[in-house]
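Build the full structure now, drawing on both the sequences and the hints.
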Amino acid sequence: MRIGPIIGLLWIALTIASFAAVLVGVRRHGVKGARMALFGPLGAIASAALVVAWIGFMEGAYRSPSTKALVALVGLLIVGLAGAYVLFAAWRDAMREPIPPGHCKKCGYDLKELAKCPECGADRPDPSDKGTTAEKPASAGDAGRDPGDDKGPGEIGSR
Numbered sequence: 001m002r003i004g005p006i007i008g009l010l011w012i013a014l015t016i017a018s019f020a021a022v023l024v025g026v027r028r029h030g031v032k033g034a035r036m037a038l039f040g041p042l043g044a045i046a047s048a049a050l051v052v053a054w055i056g057f058m059e060g061a062y063r064s065p066s067t068k069a070l071v072a073l074v075g076l077l078i079v080g081l082a083g084a085y086v087l088f089a090a091w092r093d094a095m096r097e098p099i100p101p102g103h104c105k106k107c108g109y110d111l112k113e114l115a116k117c118p119e120c121g122a123d124r125p126d127p128s129d130k131g132t133t134a135e136k137p138a139s140a141g142d143a144g145r146d147p148g149d150d151k152g153p154g155e156i157g158s159r
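Its first residue numbered 1, the sequence shown is counted upward by one per residue in the numbering used here.
Hints were generated in silico from the structure; no laboratory data involved.
Mixed in with the good hints there might be a few duds.
Said to hold, decoys possible - Using 25 Å as the maximum straight-line C-alpha spacing, the simulated DSS-like pairs for lysine-lysine come out as follows:
id, residue 1, residue 2
1, Lys-116, Lys-106
2, Lys-32, Lys-106
3, Lys-32, Lys-116
4, Lys-32, Lys-112
5, Lys-105, Lys-32
Predicted, not measured: the structure shown is a model, and the values here were computed from it.
Printed below as a string of structure tokens:
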């Protein structure tokens, strides 16, 4: 069996896998969280340039190539390798761990009750995010109290 049809079948499998990367990424992270996975099919299509270059190589088109053939080969290799990288990055993005609620959206640090991430400096994007504590509105009885004073009226002076 010749290797040409196997290369073509592998490329078809990669193309199908790139669409699967989109589905997996959207399922795990939502549409906004799977932005790079959406480029997977584009990477698979661009990686077809490697298949074209391989077929040309196997047919002997590059044994005594002209300048035009060499420029075409280099262009095919650059586009094909860039497409393969985009395909790899799409799968890497689709398979990354989901960031749980209450963690930094950039680096995954557990913010607990912090407003700003100590790892990367990112602000907490959404105050309704789980793990945050909302400020209690001040009532009329709290007008003269210090916000740091947690003692109730009966606890003042008692030890």
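Hints and how they fare:
At most 25 Å may separate the alpha-carbon atoms for a hinted pair to count; Lys-116 and Lys-106 meet this at roughly 12 Å. In summary, the hint linking Lys-32 to Lys-106 is supported, as the alpha carbons are separated by about 14 Å, within the 25 Å threshold. With a C-alpha separation of about 22 Å, the suggested pair Lys-32 and Lys-116 falls inside the 25 Å cut-off, and the hint holds. At roughly 24 Å between alpha-carbon atoms, Lys-32 and Lys-112 fall within 25 Å of each other, so this suggested pair holds.
Among the hinted pairs, Lys-105 with Lys-32 is consistent with the structure: their alpha-carbon atoms are about 12 Å apart, no more than 25 Å.
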